[in-house]
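Single-letter residue listing:
Number of protein chains: 2
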Amino acid sequence: MRRLLDRFNTPEAVFHAPMKELSKIEGLGEKVVQEIRKGPLEKVVERELSLLREVGGRVITLKDEEYPKRLRDIYDPPALLYVRGELKKEDEFAISIVGSRKTTPYGRWFTEKVSQELARHGVTIVSGMARGIDSLAHWGAISGGGRTIAVLGCGVDVIYPSENRNLFAKIIDRGAILSEFPMGSPPEGGHFPRRNRIISGLSLGVVVVQASEKSGSLITAGYALEQGREVFAVPGNVGTESSRGTHRLIKEGAKLVESSEDILEEILPQWRGERETTPKVEIPRPDLTEEEKVLYELLSETPLHIDVMIRESRMDPGKVSSLLLNLELKGMVSQWPGKCFSKKM
Amino acid sequence: MRRLLDRFNTPEAVFHAPMKELSKIEGLGEKVVQEIRKGPLEKVVERELSLLREVGGRVITLKDEEYPKRLRDIYDPPALLYVRGELKKEDEFAISIVGSRKTTPYGRWFTEKVSQELARHGVTIVSGMARGIDSLAHWGAISGGGRTIAVLGCGVDVIYPSENRNLFAKIIDRGAILSEFPMGSPPEGGHFPRRNRIISGLSLGVVVVQASEKSGSLITAGYALEQGREVFAVPGNVGTESSRGTHRLIKEGAKLVESSEDILEEILPQWRGERETTPKVEIPRPDLTEEEKVLYELLSETPLHIDVMIRESRMDPGKVSSLLLNLELKGMVSQWPGKCFSKKM
Chain R
1 MRRLLDRFNT PEAVFHAPMK ELSKIEGLGE KVVQEIRKGP LEKVVERELS LLREVGGRVI
61 TLKDEEYPKR LRDIYDPPAL LYVRGELKKE DEFAISIVGS RKTTPYGRWF TEKVSQELAR
121 HGVTIVSGMA RGIDSLAHWG AISGGGRTIA VLGCGVDVIY PSENRNLFAK IIDRGAILSE
181 FPMGSPPEGG HFPRRNRIIS GLSLGVVVVQ ASEKSGSLIT AGYALEQGRE VFAVPGNVGT
241 ESSRGTHRLI KEGAKLVESS EDILEEILPQ WRGERETTPK VEIPRPDLTE EEKVLYELLS
301 ETPLHIDVMI RESRMDPGKV SSLLLNLELK GMVSQWPGKC FSKKM
Chain V
1 MRRLLDRFNT PEAVFHAPMK ELSKIEGLGE KVVQEIRKGP LEKVVERELS LLREVGGRVI
61 TLKDEEYPKR LRDIYDPPAL LYVRGELKKE DEFAISIVGS RKTTPYGRWF TEKVSQELAR
121 HGVTIVSGMA RGIDSLAHWG AISGGGRTIA VLGCGVDVIY PSENRNLFAK IIDRGAILSE
181 FPMGSPPEGG HFPRRNRIIS GLSLGVVVVQ ASEKSGSLIT AGYALEQGRE VFAVPGNVGT
241 ESSRGTHRLI KEGAKLVESS EDILEEILPQ WRGERETTPK VEIPRPDLTE EEKVLYELLS
301 ETPLHIDVMI RESRMDPGKV SSLLLNLELK GMVSQWPGKC FSKKM
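Residue numbers (my numbering), protein chains in the order written: chain R, 1 to 345; chain V, 1 to 345.
All clues stand as given, with none of them false.
The list that follows gives simulated cross-link-like pairs (lysine-lysine, DSSO-like), each with its CA atoms no further than 27 Å apart:
hint: 1; chain 1: R; residue 1: LYS255; chain 2: V; residue 2: LYS255
hint: 2; chain 1: V; residue 1: LYS63; chain 2: V; residue 2: LYS88
hint: 3; chain 1: V; residue 1: LYS255; chain 2: R; residue 2: LYS214
hint: 4; chain 1: V; residue 1: LYS343; chain 2: V; residue 2: LYS113
hint: 5; chain 1: V; residue 1: LYS251; chain 2: R; residue 2: LYS255
hint: 6; chain 1: R; residue 1: LYS113; chain 2: V; residue 2: LYS251
hint: 7; chain 1: R; residue 1: LYS251; chain 2: V; residue 2: LYS113
hint: 8; chain 1: R; residue 1: LYS89; chain 2: R; residue 2: LYS339
hint: 9; chain 1: R; residue 1: LYS69; chain 2: R; residue 2: LYS339
hint: 10; chain 1: V; residue 1: LYS293; chain 2: V; residue 2: LYS339
hint: 11; chain 1: V; residue 1: LYS251; chain 2: R; residue 2: LYS251
hint: 12; chain 1: V; residue 1: LYS113; chain 2: R; residue 2: LYS214
hint: 13; chain 1: V; residue 1: LYS330; chain 2: V; residue 2: LYS343
hint: 14; chain 1: V; residue 1: LYS214; chain 2: R; residue 2: LYS251
hint: 15; chain 1: R; residue 1: LYS89; chain 2: R; residue 2: LYS63
hint: 16; chain 1: R; residue 1: LYS214; chain 2: V; residue 2: LYS251
Derived by calculation from the structure, the hints in this document are not laboratory data.
Based on the sequences and whatever the hints tell you, model everything.
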C-alpha cells in the first residue's frame, strides 16, 4: 500500500492506474493487480465506516498529518489505522510497557509503579491491553494522570479480554485505542505478532517487565531493535519462569531497568535532541523573585508534573502556573508535554 | 618487594646490597632503605615461622614454583603467602564467588547451587570465608566434591568469624587457606579491600551473588576488571537491597548470570586457549568398543566429573577409569583438572 501511494499519490489514482503501471510496483502479484483493477469495494468500505462512526471512531491513513510520526518511520507502517479516542502531538514522547499475561505480585507492583512514574513525567504509555502486564501498564498511566495508547490485535469495537471493559473506556478518554484490523475482527493468534510492531513503532523504547522464554513480548523487543528503538528489561530472581525472557534480553544487550529514572535517562537526551533543532544561545542567568526561586529549586533536569510542584510548593495552582510562565520567559525552565517542566539545560 | 627481588634476585642479596644501589629502586624511601640495611629481623621471622609450623602451614614466595601463576600476573601480587592446606596446579581453573554478609534465602540457594555445580565441573571455588555468601560458596564447593580456597583478611591462625571453625578445617582438607597478613593478625577493616585483590587475582572471573551498593564485593569486582578477569553478577528482584550492587554491575557491563552454564561458557574457551598451545592435528575418528561408546555418549564439551560418569554408566570405577584412558589414547577425550573429562574438540 505504501509503495502504491508513493507511486500514485492518492487511492483514487491507484484505482485508475493502467495495468502496466501497476505491474511495475515491487511485490505486487498478478492476482492483486486484478483485484485493484476491479475498483474499490465501496459497499464494504461504507459499511466499515458506518460501523466505525457508530462507536465514535475514525480512520487515519499514512497520508494524514495526524498519523503518528514515529510509526511512519518503521519499515512496514500500517496504511490505515482505526482510532478511537485522540492522538496528540505529545504522544510522540512515548514508551511501551509490555509483558506476560501470567504475572507475579512483583511484576504487577513494578509495572504499575514505573508506568505511573513515567506518566507523571509526561510520557505516554503504549501497550497491548492484554491481561497481565499490559493492562497494568495502562492502569498505571491512568492513575499517574497521564496518557496511554492501546494497540489491539482485534477490531476497535471488540473488547478483549472482556474483563477490560472499564479500562477500554478509560483509555479512549485518556488516550487512544488503535488497530489496523477491520471492524469486528476477532483476537486471532496470528494478529498479535503483527500488532506488536505497532506497539514498538509508536515508542522511543520498549520495556519488557516479565516474560517467559516464549513470550510475545520478546517479539515486540525484536521489532524495537529492528526499528532502532531502545529495549529495556526488568530483572528478577533467577529460577522464576517470568524472568527467563527478560534475562535473555539483558544478556543480548537490553538495558537493565530498576526504575523510571533508568528509562528517562536514556530517552530524554534523544527526545531533547529531536526537539531542539535550533542552536542554543548562551544567556546570562536573570534575577529571580523569591517565589520563582522556590519553584526553580523544586526542578531538575528530569521533567516534573505541575501537580507535584503545586503540592510541594504549597502554592495555589494559578500562582504556580504564572510563576512557571515567568520562568519560561526568563529562559530558565523548559516545558514538556503533559504539563511537565524541567530546568533549562 | 617484587622490584627488590627483580633487581637482586634473592632476599639475601637484598640485605647485602649497598645503600647506593638500594636507593635506585623505584618507590623506596630513605627510611625503608635504612631498615633494610639493618638486616633481617631474624627473631621475628623465626617466631613467625615457628607459629606457622605449629599449625602445619608454610610460606611461599613470589619466587617459588608453587606460587599461583594467575596471581603472579596481577599488578601487585603479595610477595609472601601464608598457606595452610595445599595449592594444586588444577586450582588455576578457578572462579571466585563473593557477596554480602547479609543474605536472603534466594541468595543462599543460588550460591550453594552454582558453587556446587562449578565444583562438579572441576572448578576451584575461591572466596573470603566471610559470613553469608562467602561461606556458602566454600560449603557449596565442598558438597560438590571439589576444591576451594579461602583468602583471609587476618592471620591464617585466626578463625574469623568463629562460627566457621568447622568450615575452616574442611577448607584446609579440600584446598587451602591463604593470607598475606602475619600470624595472629586480627581481622581489621583495612585488611579486607587489599585481601580482595587476591581473591580476584587467583581466578578467571568473579561472580557477585548479592551485594548492597556499599558491599566490599564491588571492590573485588573492581579489582577483577583491573586485572582483566571476567565479572559476573546475579540479578534479583528490583527493590531488594541485596540486588542493588549486582544490578549496578550489570549496568556497567558485568555478565548477567543465571546458571553455572553461563559461567562455564565464558571461561572454558579462555581456559582451553591457555592449555592448548600446541597446534592440533586432524585425526580420523577411530572405532570405539560398545563400552567406550556408552561412556563417550555421556560426555559433552563441558567437562564432567568421573563420579558422575560412574553413576550414570553404572559401570564400576576401575572400568570407567580404564575406558577413559583408552578414549584419551584414541584422542577422543580430554582430561581436565579434578578428574573431569570432556569430548575432544
